[in-house]
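Given next are the chains, with one letter for each unit.
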Amino acid sequence: MVTIAIPTALRQYAGGSATIQAEAGTAGDILAQLVEKHPALGKQLYSEQGQLRSFVNIYVGDEDIRYLQGIETLVPDGETVSIIPAIAGGR
Amino acid sequence: MSNTLSNEEIRRYSRHLILPEFGMGAQMKLKQGSVLLIGAGGLGSPLALYLAAAGVGRIGIVDFDVVDESNLQRQIAHGTSTLGVKKAESAKTRIADLNPNVDVTTYDAQITSENAFEIMRPYDVIIDGTDNFPTRYLTNDASVMLGKPNVYGSIFRFEGQATVFAPQLGGPCYRCLYPEPPPPGLVPSCAEGGVLGVLPGVIGTIQATEAIKLIAGIGETMVGRLMLYDALSMRFRELKLRRNPECPVCGDHPTVTELIDYQQFCGITPEIEQSDASFEITPVEVVGWLARPDAPFLLDVREANEWDIGRIDGAVRISVNELAERMHELDPAREMVVYCRSGVRSGRAVDMLKQAGFRRIKNMVGGILRWSDDVDSRIPKY
Numbered sequence: 001m002v003t004i005a006i007p008t009a010l011r012q013y014a015g016g017s018a019t020i021q022a023e024a025g026t027a028g029d030i031l032a033q034l035v036e037k038h039p040a041l042g043k044q045l046y047s048e049q050g051q052l053r054s055f056v057n058i059y060v061g062d063e064d065i066r067y068l069q070g071i072e073t074l075v076p077d078g079e080t081v082s083i084i085p086a087i088a089g090g091r
Numbered sequence: 001m002s003n004t005l006s007n008e009e010i011r012r013y014s015r016h017l018i019l020p021e022f023g024m025g026a027q028m029k030l031k032q033g034s035v036l037l038i039g040a041g042g043l044g045s046p047l048a049l050y051l052a053a054a055g056v057g058r059i060g061i062v063d064f065d066v067v068d069e070s071n072l073q074r075q076i077a078h079g080t081s082t083l084g085v086k087k088a089e090s091a092k093t094r095i096a097d098l099n100p101n102v103d104v105t106t107y108d109a110q111i112t113s114e115n116a117f118e119i120m121r122p123y124d125v126i127i128d129g130t131d132n133f134p135t136r137y138l139t140n141d142a143s144v145m146l147g148k149p150n151v152y153g154s155i156f157r158f159e160g161q162a163t164v165f166a167p168q169l170g171g172p173c174y175r176c177l178y179p180e181p182p183p184p185g186l187v188p189s190c191a192e193g194g195v196l197g198v199l200p201g202v203i204g205t206i207q208a209t210e211a212i213k214l215i216a217g218i219g220e221t222m223v224g225r226l227m228l229y230d231a232l233s234m235r236f237r238e239l240k241l242r243r244n245p246e247c248p249v250c251g252d253h254p255t256v257t258e259l260i261d262y263q264q265f266c267g268i269t270p271e272i273e274q275s276d277a278s279f280e281i282t283p284v285e286v287v288g289w290l291a292r293p294d295a296p297f298l299l300d301v302r303e304a305n306e307w308d309i310g311r312i313d314g315a316v317r318i319s320v321n322e323l324a325e326r327m328h329e330l331d332p333a334r335e336m337v338v339y340c341r342s343g344v345r346s347g348r349a350v351d352m353l354k355q356a357g358f359r360r361i362k363n364m365v366g367g368i369l370r371w372s373d374d375v376d377s378r379i380p381k382y
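Going down the list, the sequences are from chains A and B.
In this text, residue positions in the first sequence follow my numbering: the first is 1, and each later residue adds one.
In this text, residue positions in the second sequence follow my numbering: the first is 1, and each later residue adds one.
It cannot be assumed that every hint is accurate.
[Stated by the list, open to error] Simulated DEER-style distance windows between Cβ atoms:
{"#": "1", "chain 1": "B", "residue 1": "79", "chain 2": "A", "residue 2": "21", "range": "43 to 51 Å"}
{"#": "2", "chain 1": "B", "residue 1": "308", "chain 2": "A", "residue 2": "32", "range": "32 to 40 Å"}
{"#": "3", "chain 1": "A", "residue 1": "17", "chain 2": "B", "residue 2": "4", "range": "55 to 63 Å"}
{"#": "4", "chain 1": "B", "residue 1": "380", "chain 2": "A", "residue 2": "32", "range": "43 to 51 Å"}
{"#": "5", "chain 1": "B", "residue 1": "374", "chain 2": "A", "residue 2": "32", "range": "46 to 54 Å"}
{"#": "6", "chain 1": "A", "residue 1": "16", "chain 2": "B", "residue 2": "105", "range": "41 to 49 Å"}
{"#": "7", "chain 1": "B", "residue 1": "373", "chain 2": "A", "residue 2": "36", "range": "43 to 51 Å"}
{"#": "8", "chain 1": "A", "residue 1": "32", "chain 2": "B", "residue 2": "101", "range": "56 to 64 Å"}
{"#": "9", "chain 1": "B", "residue 1": "225", "chain 2": "A", "residue 2": "32", "range": "23 to 31 Å"}
{"#": "10", "chain 1": "B", "residue 1": "326", "chain 2": "A", "residue 2": "21", "range": "25 to 33 Å"}
{"#": "11", "chain 1": "B", "residue 1": "158", "chain 2": "A", "residue 2": "47", "range": "21 to 29 Å"}
{"#": "12", "chain 1": "A", "residue 1": "11", "chain 2": "B", "residue 2": "254", "range": "19 to 27 Å"}
{"#": "13", "chain 1": "B", "residue 1": "307", "chain 2": "A", "residue 2": "11", "range": "13 to 21 Å"}
[Stated by the list, open to error] Interface residues of chain A toward chain B, partial, derived using beta-carbon atoms under 7 Å:
{"#": "14", "residue": "8"}
{"#": "15", "residue": "9"}
{"#": "16", "residue": "43"}
{"#": "17", "residue": "46"}
{"#": "18", "residue": "51"}
{"#": "19", "residue": "54"}
{"#": "20", "residue": "59"}
{"#": "21", "residue": "62"}
{"#": "22", "residue": "63"}
{"#": "23", "residue": "67"}
{"#": "24", "residue": "86"}
{"#": "25", "residue": "87"}
Source of the hints: derived by calculation from the structure; they are not laboratory data.
The model shown is predicted, which means the values in this text are computed figures rather than measured ones.
For every residue, glycine included, the Cβ atom is placed at its ideal position computed from N, Cα and C.
Extracted from the complex, chain A is given alone in its bound form:
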């Protein structure tokens, strides 16, 4: 199993969960399992064309999948996939 870390901003679309477990596979497979469990997350993560949105970054461990093999990046058992959205607050 792998752990998906859900950021505060998206927890409302994931039943309030901070982490969700999924079967190991590619980053794309793991995100698909997540969206299947929580369909409301789909619109937050993907554009209407089905592309990952450019203000949402996906990390496997501490590496951005854009600098690995993108959604084809293999995620081994025990690894963490993190969703890191842009946030802007500061006041």
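On the provided structure of chain A, position chain B as indicated by the hints.
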């Protein structure tokens, strides 16, 4: 500027001076150094205080806002005695007391594409403590173009991010991390989403640490690393950041070489579409209507914790986030007034309802805040 420390300064900075890794050399660099704080709010407050206390010679503060009661839960540079005062001036007053050796320049303005270079040029380090995407992209692009490090921090509810963007030091810029901003409305602001008061204290203090290291030339900065902080689980994590060779601003072949219209880039149009007056109503009109036999259905689209703070009698609550799934509970044949805290979320709810075919709906402009001002001051503002 003198290149020695006075006896008063030596006493003041003695705990720095006795650090072997810091000493007189680093303290002199701080004294000769300068930082620009963009924003004197949650992040800007601890930044202003710690940078001034540490002995940074020159601090510029950009902020056009005034101190409000709801700021004092986290914006510790301000106080009850400076309510209603411009934040930049309030912070300057506080710094003058903390360390009169610091030269403070205030800019009572919003930073824009027109004034950014002029404001930023005289400073060594730029610090991003703003609260919106257009200013964050502007700060990033202008810092890259001027070749200045941009000490970044950002917060949301219980979570924070911090790093140093400095392509000239081999790291990425903000656009390498996020090429494009989210569309307006998808990510709520602190005013809408709330923020734990000590959170900007933690993130702002990390930014202050990085600024001091950059100026003093000590330690290892966060260039190329993104620090994530979750206050609820009390965890720090670190992710790798890489410069994107294709980046439009700091890449090998930049396509954005001058400052652009950042409001437009962030999808913010000057005229908000929902300002269709036929779908709007004021609190005073609503209270009159509620007293009549044809009183409308009153829908509150805020969250449960806001409902607990105060509500209008007779309202029914369905959060704007649940509206899509629970729309079937509403009667399209009945007149309806929708409200939230300030009128933004209820405007979004009215748009959703319009798209679903509802026509007899109105957004209560100004929300419960204006209701408190114009109708019933017993309802607290928050």
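Results for each hint:
For the hinted restraint 43 to 51 Å between residue 79 of chain B and residue 21 of chain A, the CB-CB distance of approximately 47 Å keeps it satisfied. In this structure the supplied range 32 to 40 Å holds for residue 308 of chain B paired with residue 32 of chain A, their Cβ-Cβ distance being about 38 Å. Our hint of 55 to 63 Å for residue 17 of chain A and residue 4 of chain B holds, since their Cβ atoms are close to 58 Å apart. Taking the beta carbon of each, residue 380 of chain B and residue 32 of chain A are about 45 Å apart, inside 43 to 51 Å as hinted.
In this structure the hint that residue 374 of chain B and residue 32 of chain A lie 46 to 54 Å apart at CB holds, the actual value being about 50 Å. Between residue 16 of chain A and residue 105 of chain B, the C-beta spacing of about 46 Å keeps the proposed range 41 to 49 Å intact. Here the CB-CB span from residue 373 of chain B to residue 36 of chain A is close to 47 Å, well matched to the stated 43 to 51 Å. At about 59 Å, the beta-carbon gap between residue 32 of chain A and residue 101 of chain B stays in the expected band of 56 to 64 Å.
Restraint check, residue 225 of chain B to residue 32 of chain A: a C-beta distance of roughly 30 Å satisfies the suggested window 23 to 31 Å. At roughly 29 Å, the beta carbons of residue 326 of chain B and residue 21 of chain A sit within the given window of 25 to 33 Å. Range check, residue 158 of chain B to residue 47 of chain A: Cβ separation about 28 Å, and the 21 to 29 Å hint holds. Between residue 11 of chain A and residue 254 of chain B, the C-beta spacing of about 37 Å breaks the proposed range 19 to 27 Å.
As the Cβ distance of residue 307 of chain B to residue 11 of chain A is approximately 20 Å, the hint placing it in 13 to 21 Å holds. Satisfaction of the interface hint for residue 8 of chain A is found here, the shortest Cβ-Cβ separation to chain B being roughly 5 Å, below the 7 Å cut-off. With a cut of 7 Å, the hint placing residue 9 of chain A at the interface with chain B holds, because the nearest CB-to-CB distance is about 6 Å. Taken as an interface hint, residue 43 of chain A does not check out: its beta carbon lies about 9 Å from the nearest beta carbon of chain B, beyond 7 Å.
At about 13 Å, the closest approach between the beta carbon of residue 46 of chain A and any beta carbon in chain B exceeds 7 Å, and the interface hint on this residue is violated. The interface hint given for residue 51 of chain A is broken, as the beta carbon of that residue sits about 12 Å from the closest beta carbon of chain B, more than 7 Å. Taking 7 Å as the C-beta contact cut-off toward chain B, the hint placing residue 54 of chain A at the interface holds, the least distance being around 4 Å. For residue 59 of chain A, the shortest C-beta to C-beta distance to chain B is roughly 5 Å, which falls under 7 Å, so the interface hint holds.
The interface hint given for residue 62 of chain A holds, since its Cβ lies 5 Å from the closest Cβ of chain B, which is under the 7 Å cut-off. Here the hint on residue 63 of chain A is kept, as its CB sits about 6 Å from the closest CB of chain B, short of 7 Å. Interface hint at residue 67 of chain A: satisfied, since its Cβ lies 5 Å from the closest Cβ of chain B, which is below the 7 Å cut-off. The interface hint given for residue 86 of chain A holds, since its Cβ lies 4 Å from the closest Cβ of chain B, which is under the 7 Å cut-off.
Among the interface hints, the one on residue 87 of chain A holds; its C-beta lies about 4 Å from the nearest C-beta in chain B, closer than the 7 Å criterion.
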